[in-house]
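Chemist: Letter by letter, the chains look like this.
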Amino acid sequence: MMTTAATEHNATSGGEGAGRAQGRLGARLRQSMSVGNASAVYLFALLFALFALWEPGTFLTLQNWQVLLDNQAVSGLVAIGLIAPLSAGVVDLAVGSEAGFGGIVVAWLLADHGVPIPLAIGISLIAGALVGVVMATLIARARIPSLITTLAVSSILIAVIDWISGSEQILNLGASFQDIGTDEFLGVTYPVYLLAVVSLIVWYFLERTAVGRRLRATGANLEAARLAGVRTSQMILIATVSCGVIAALAGVLASAQLATGDPTISQSYLLPAFAAAFLGSTQFHRGRFNVAGTLAAVLVLAVGVKGLQLAGAPIWLPDLFNGVALLAAVGFAQYQKSPTARTAAIRRVLRLRAGDRTANP
Amino acid sequence: MTADRRVLLRVSGLSKTFTGTKALDDVSLEVAAGEILAIVGQNGSGKSTLVKLLAGLHQPDPGSVIEVSDGTGNLVPLGRDGRGLHFIHQDLGLLPTLNTTENLDLGRALGRRWITPVRWPAEHARASEVTARFGAAIDVRAPVALLSPAERAIVAIARALDGWEHPDSVLVLDEPTTAFHRDEVARLFDAVRRVAAEGAGVIFISHRLEEVRALADRVVVLRDGRQVAEAVAGEFDDHDLVTAIVGASVDEGRRSPGGPGPVMLALDELAGPLLHDVSLNVRAGEIVGVSGVLGSGREELNGLLFGAQRPARGRIALAGEPLPPGDMAAAIEAGVAFVPADRHRLGAVMTMSVRENLTLPDLGSVRGRFGAIRLEAESAEARHWAAQVELRPAEPDRPLSEFSGGNQQKVVLAKWLRTKPRLLLLDEPTQGVDVGAKAAIYQLVRQAAADGSAVLVASSDAKELAALCDRVLLIDQGRVTGELAGPALTEAALVHAALATAAPASAAIRPGSGEVPA
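Residue numbers (the numbering used here), protein chains in the order written: chain A, 1 to 361; chain B, 1001 to 1518.
Be aware that one or more of the hints could be misleading.
[Unchecked claim] Part of the chain A face toward chain B, derived, beta carbon under 7 Å:
#, residue
1, A220
2, N221
3, E223
4, G229
In case anyone wonders, no lab produced these hints; they're calculated from the structure. Note that the Cβ used here is the ideal one computed from N, Cα and C, for glycine as well.
Produce the entire structure from the sequences given, and follow the hints as far as they go.
Modeler: Take a look at the structure:
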């Protein structure tokens, strides 16, 4: 943060007019792509180079990247869905179950009730929204801490999933439903495009709209936001409902990809989503949950896991990798946030060096 | 004094300098065994610096001497362990969910008993005995949160003195009666007198004249860090004391120019947890102060008006229109603005930028199509207001947490001035703010009044109220008991009014209601 100020200050005092604007832009670009601010990008490059040298035969194939994107579309959606609640201060531990719930509801409607596909998907998304309404009511009205609320709701959802499915896979969803998850356009499957569209909407909403600003203020300091006239209960409602819908959409796509309503997928989405959202919060907009950072984090984590798998790593490796990545990401964010005497001293040195670099443009 | 006077604490030439300003300047005092010494002074007079120096929280300037009795009648320099001094701070430092016995046991070393079971009957009996020494029959099994304020204070005193090394100790009470009833005060004083009678020395820091008269053997007055008067009980009267506390120079202040406009705010028998039936009018262009001790209801009024708290009864009208109770968004819509006292927790979102904080109460004005914020317009607004309040450094895109307290407060004020409020509510507007920013904030408030806002300032700073306000309401025990205006509105008059307030009568307030709800 201090480096930002120093760099911009130097840039503004460096010259006037066009030179000044150019210097400012350059400084800003340098700043936003610095190692501290965009470590995921550099990590990605590093991992890419590493696995390209290690397993060139498989890692560098087009097919590998198609599969990787396809695989990450659903967990990427869950991570993107998580950004709004985290920004509003709601730690949504039910996000995996919400995805699993959406996936099982759509499968149940299609296979057991013969509901048309668009209607089945619509009902699943509405169900996801309702889960969000219930959570917001419990958090904002009943004043149950979000951690407890979402943990309990998660458990309840898992029970509902097992009840609906009879703890068995729901098969025979129909070929045309499976097409939604597996059909390609320009070599990329539909879920990847959906991820792109949803990401764009969430980015616009959080970064550009007044409601998004109020939502982030709610998460940063609920009382101060309330005293500035923000209707914080509404912000929490918007956050949990949007998360419920996006997670349900992710679940629907998962069922389409698998051609199965699988009652056991919930847990596999929870941790990767948190790892991506928190690692993403250390990227680009320091300390703030953001869409671009989260997408970068999803990609880095996926490449890491994929590369290790291609190199013959065991089946339990993704869990280990995601767990370590989450700890590393949050630890790094804390290091950036609160300087202890020691880290402050280190940063003073770093800032001096940064000052040297920018002082003579 | 008599020849057998045994000095337990001697302070001589005590000074403390904070970055160039002397918070405490050459203070010398003594406390003898069995003596109760009162220290009085306004906010910023150096009272709390003195307490912190005694407690070892600050390092005194070189040349300062603090000596305590070592138990054998000799005076030795105060050690790092603080032996010989015991402190009762305003918040008492008790754990409210634990009972008296557990609170008393907390400070005691366990030694080798850490794994053996606690013998509760014996522990409770011991706790009852210890508290009974101070004349209190306390249910030692009840959580201390359920005790009355005086009982809690007695538990704190008992804990401080329980197992003291030797009887030559000095007990320092730092404004302990803030949230007390009248009869509770008497109980505490009884306990304090017992402490003194056992041979300890007592330093009693207070802001209530009545209490000083009732309890102290001697009084020391601090003003601007200096010891300006010292007197033995019975040798001073109220007038002398107030003059000593305030000083000879009386601040004239500067009133807002022009006559006030039509009535902007009308309160009709407004009541909250602390306030009772407050009725008042504030005119457009008028700056009205609210003065009263902590717990009087002074700190509650603005929150009720803004809707942060729901009033128990009463009506609020803004320019003739009734204001819905307990609805902050509606209040802001109607033109009410509120600067709370706690800047970090309530006043602003510290992790967001100055720009984002400035526009938060009124994002509608910079909103374009599809609910999007027009970033160019917002940046222009931010630059305009940064210039308006002379933000230093003038970089509105930096997080608010990176600015000094004065600049943060200017931003909090600016975000509300931007909404062109019809009613501006300020709680302790210059708390934790440097002198330069203070002047700037006063200027901004005066300008807002000149532009037609009605302003209500709740403050514990008499100098501030005298300098800023057209008139000041005196609040005591939840009721408006008087008003100072014109030539009668001076710092001295305000201090006198605050010092003269009695402790709240027991009928007026429930036990424990002295704490301000968040």
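Chemist: With a cut-off of 7 Å on the beta carbons, see whether G229 (chain A) makes it to chain B.
Modeler: With a closest approach of 4 Å, the G229 (chain A) hint holds.
Chemist: Closer than 7 Å between Cβ atoms is the bar; does N221 (chain A) clear it against chain B? Give me holds or violated.
Modeler: Constraint on N221 (chain A) satisfied, holds at 4 Å.
Chemist: Was the hint right that E223 (chain A) lines chain B, CB cutoff 7 Å?
Modeler: Since the shortest Cβ distance to chain B is 5 Å, the answer is holds.
Chemist: With 7 Å as the cut and Cβ atoms as the points, is A220 (chain A) at the interface with chain B?
Modeler: Since the shortest Cβ distance to chain B is 5 Å, the answer is holds.
Hint check: no violations occur; every hint is consistent with the structure.
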